[in-house]
Amino acid sequence: MPSEMNECSNGDITFELVRFANRELLSTASQRTITLDLDTPVLEMGILDSLSMVSLLTFVQTTLGVVIPDEKVLPENFETLGTLADLITQLQLSGRPVHEGVAECALLQSIRILEPAGIRRRWLPVDGDAQIHALEISGPAPGWVLLPGLGNPSSSWGAVLKSLRGQNAALAPDFLGFGVSRSERLAPDYTAQVRAIREAIDTAAKPPLVLVGSSAGSLVAAEIAREMPDKVKALVITGFGLVEDPPAWRTMLTRLSGSPESFLKAAYYRPPRLTEALLDLFHDVMGRPAYNAFLEGPGFEAMSSAFDHLQIPTLFIAGREDGIISAEAVSAAAARVPGARIEWLARCGHFPAAEQPEELLYYIRRFLATLN
Amino acid sequence: MTSQEFFDVVIIGGGPGGSVLAACLAQAGASVLILEMASFPRYHIGESLTGMAAVVLEDFGLSAEMDRRQFPRKDGVKVIGKGADSEFWVPVFRPTWQVRRAEFDQILLDNAIRRGATCRQARVNGVLRDGETVTGALYTLDGEQNQREVRCRVVADASGQAALLSRLDVAGTLRRTEFDKQVAVFSQFRGARRDPGTMGDNTFLFYSETYHWAWFIPVSPDVVSVGIVLPGEEIKRLGGAEAAFRWGAERINPDLAWRLPGCEQMEPIRAAANYSYAVDPFVGPGWLAVGDAHQFIDPIFSFGVTFAMLEAREASRAILASLTNGDWREPFEEYRDFCVRGQTAALDLISYFWKFPVFFGYQSRGELRKDIIRLLSSDAHSKIESRALTQMRKALSRAAAA
Numbered sequence: 000m001p002s003e004m005n006e007c008s009n010g011d012i013t014f015e016l017v018r019f020a021n022r023e024l025l026s027t028a029s030q031r032t033i034t035l036d037l038d039t040p041v042l043e044m045g046i047l048d049s050l051s052m053v054s055l056l057t058f059v060q061t062t063l064g065v066v067i068p069d070e071k072v073l074p075e076n077f078e079t080l081g082t083l084a085d086l087i088t089q090l091q092l093s094g095r096p097v098h099e100g101v102a103e104c105a106l107l108q109s110i111r112i113l114e115p116a117g118i119r120r121r122w123l124p125v126d127g128d129a130q131i132h133a134l135e136i137s138g139p140a141p142g143w144v145l146l147p148g149l150g151n152p153s154s155s156w157g158a159v160l161k162s163l164r165g166q167n168a169a170l171a172p173d174f175l176g177f178g179v180s181r182s183e184r185l186a187p188d189y190t191a192q193v194r195a196i197r198e199a200i201d202t203a204a205k206p207p208l209v210l211v212g213s214s215a216g217s218l219v220a221a222e223i224a225r226e227m228p229d230k231v232k233a234l235v236i237t238g239f240g241l242v243e244d245p246p247a248w249r250t251m252l253t254r255l256s257g258s259p260e261s262f263l264k265a266a267y268y269r270p271p272r273l274t275e276a277l278l279d280l281f282h283d284v285m286g287r288p289a290y291n292a293f294l295e296g297p298g299f300e301a302m303s304s305a306f307d308h309l310q311i312p313t314l315f316i317a318g319r320e321d322g323i324i325s326a327e328a329v330s331a332a333a334a335r336v337p338g339a340r341i342e343w344l345a346r347c348g349h350f351p352a353a354e355q356p357e358e359l360l361y362y363i364r365r366f367l368a369t370l371n
Numbered sequence: 000m001t002s003q004e005f006f007d008v009v010i011i012g013g014g015p016g017g018s019v020l021a022a023c024l025a026q027a028g029a030s031v032l033i034l035e036m037a038s039f040p041r042y043h044i045g046e047s048l049t050g051m052a053a054v055v056l057e058d059f060g061l062s063a064e065m066d067r068r069q070f071p072r073k074d075g076v077k078v079i080g081k082g083a084d085s086e087f088w089v090p091v092f093r094p095t096w097q098v099r100r101a102e103f104d105q106i107l108l109d110n111a112i113r114r115g116a117t118c119r120q121a122r123v124n125g126v127l128r129d130g131e132t133v134t135g136a137l138y139t140l141d142g143e144q145n146q147r148e149v150r151c152r153v154v155a156d157a158s159g160q161a162a163l164l165s166r167l168d169v170a171g172t173l174r175r176t177e178f179d180k181q182v183a184v185f186s187q188f189r190g191a192r193r194d195p196g197t198m199g200d201n202t203f204l205f206y207s208e209t210y211h212w213a214w215f216i217p218v219s220p221d222v223v224s225v226g227i228v229l230p231g232e233e234i235k236r237l238g239g240a241e242a243a244f245r246w247g248a249e250r251i252n253p254d255l256a257w258r259l260p261g262c263e264q265m266e267p268i269r270a271a272a273n274y275s276y277a278v279d280p281f282v283g284p285g286w287l288a289v290g291d292a293h294q295f296i297d298p299i300f301s302f303g304v305t306f307a308m309l310e311a312r313e314a315s316r317a318i319l320a321s322l323t324n325g326d327w328r329e330p331f332e333e334y335r336d337f338c339v340r341g342q343t344a345a346l347d348l349i350s351y352f353w354k355f356p357v358f359f360g361y362q363s364r365g366e367l368r369k370d371i372i373r374l375l376s377s378d379a380h381s382k383i384e385s386r387a388l389t390q391m392r393k394a395l396s397r398a399a400a401a
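As given, the protein sequences belong to chains A and B, one line each in that order.
Numbered per numbering that gives the first Met the number 0, the first sequence spans residues 0 to 371.
Numbered per numbering that gives the first Met the number 0, the second sequence spans residues 0 to 401.
None of these hints come from the bench; they were simulated from the model.
Glycine is no exception: its CB is placed at the ideal position from the N, C-alpha and C atoms.
Please note that a few of the clues may not be correct.
In silico SDA-like cross-links for lysine to any residue, where the CA-CA straight-line distance does not exceed 25 Å [claimed, not checked]:
hint, chain 1, residue 1, chain 2, residue 2
1, A, Lys-161, A, Ala-368
2, B, Lys-180, A, Lys-161
3, A, Lys-161, B, Pro-356
Chain B residues, not near chain A, derived (Cβ > 10 Å throughout) [stated by the list, open to error]:
hint, residue
4, Ala-101
5, Gly-283
6, Glu-366
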């Protein structure tokens, strides 16, 4: 097992928290006339709304290096910045893991934050010396296999896994070279990724399977569905389609990737705030050799034939506001698969698993019910 | 006066509470008379059922009829947050429907009659008593002048917001409770913009700020019920129901504003006070009350109709037990406790939603998800307190103490 946790720089929690809150939480003009201190009743005053809550939790996680588990997200802990600082100190003392590098810290935290919710981590040896890292929940069949978008970690399925827990088994692997999966090969190509994921599935997931892909992870999902049709009950494609002109699409993606703001704007209906930590994550992913390796050679070729010869019941779930994959591309892909269905999600972009996880689950369940 | 009539049970009101009660009792062999003031079918607000209503409907074998009428299937509730900056979806514990109440209430009333209940269009003027015990009702048939008398062993008040037994001083006084200042203004629209797919058939709630919200409830393939709920004084300030509706349709939430332009308003704007209230006591010797006749709560989670149906089913068990063993006290008090458990759970859930909307949204996706889904389906009457209720009650009492 790789060693993964060191000490995160601690800093002065209360100082950092108050500074962050004054800079980021005061959204309206009337709010900006006040100065928050440790005793300001932020909850009572309505300063904490659903958006500021998310940015506050992200800040605590990424900058202070402390995970606030679900069961501590209670009104009493958020009455003032003081009560929140007390909670954070308490969690730090109780030895919640923290880390030094901000990007890796954020990545690991995004994975570890799921553990208290009953989502286990697992290492699956594949391809000799490589190790696929996966999130896992147990439960009845069918087992769901959740493949992340290119560059996204297994934890991008976090909300889906939390809701699925207790209802079905599921496995969400990190691709080789992404998340925290380990590989000696720095830049595994698409073929190597498919092979590794198949191996991981053979080890850890019991058929019948429901394969769910996000974005380019859908390429791998479709490939595996094609290779082992008798083990796959259904294929679900989210945020992906048949790209008519792969070179042009690739150029667009490269251009977007050059500017995190534009990428987030294209990918999300409600883009997350571009914090320093998110920016670090973004650069970390783009800098990984596996990123480009996936989209070159066999991966690039797979794009135009991804949806051919599929004999599996297939559901496409597409955000109507997806700026990465067009509605035409989704319809074109569905037209290639006999009997495929498309469900469109309003106010949703490229990543339904992030923006509308419950809605995504709803449509997958409805689809599975029609197959029984 | 002609020779005196007798029924085991006289039910005041033929809405969902009265009809379900009548059907359960008649099915078990009791003789039942429903006295309903209105000529059915008649309009009523309250279109969204919750999951537990589907259980009652299925027991009566009415599920197929619900689908035949094309009542939109409700698989969940979408809450769109302030400024449409956030949204979350809570699946229902069990699929149910959103209904056109005129038709739905008729289906339930017909079901009661089919199972042997008698229904008359009549106004109830008073009760007969023997000492403390209620022993019958005085009523006037529609179109007649003279008052009639019917004797019975139990009078059940299912008169809805009229809360007749409270007004007749049989039940306790009606007291307003927590959310007592809201008014709803509403109408139905053809051709409003819905979300794509079956997601668009669900109940949508638009949140603005505390006690300012709107509903958007599909009731047929092309008609939606839209309601704006605001504090009463604000409706006044805005210049009445019509003006308040226009204001709310544009201002409550940008996503609601986007849905309505260009669609056909099918009826004038109506207004209803959402004044929450409770009647105590609501059971006694020879009488009990069901549904809105004893309590009304903030309709934000659409509990009203389903609660009335569940209470009716429970009341039928209590009444049958009292008819069998001749003693009302124990079964009626058990029924009362059942109602109080459910209503208290609903009130606490709603208080928590208004007081801590951020946490409600967060927790409905987190570890309290299952509990919250159950509660929202109106499965709220259990004697065992769920984890969600324990946590919410703790937070509410902390806030009250502060």
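So, going through the hints one by one against the coordinates:
no., hint, result
1, A:Lys-161 / A:Ala-368, "holds (21 Å)"
2, B:Lys-180 / A:Lys-161, "violated (38 Å)"
3, A:Lys-161 / B:Pro-356, "holds (20 Å)"
4, Ala-101, "holds (30 Å)"
5, Gly-283, "holds (40 Å)"
6, Glu-366, "violated (5 Å)"
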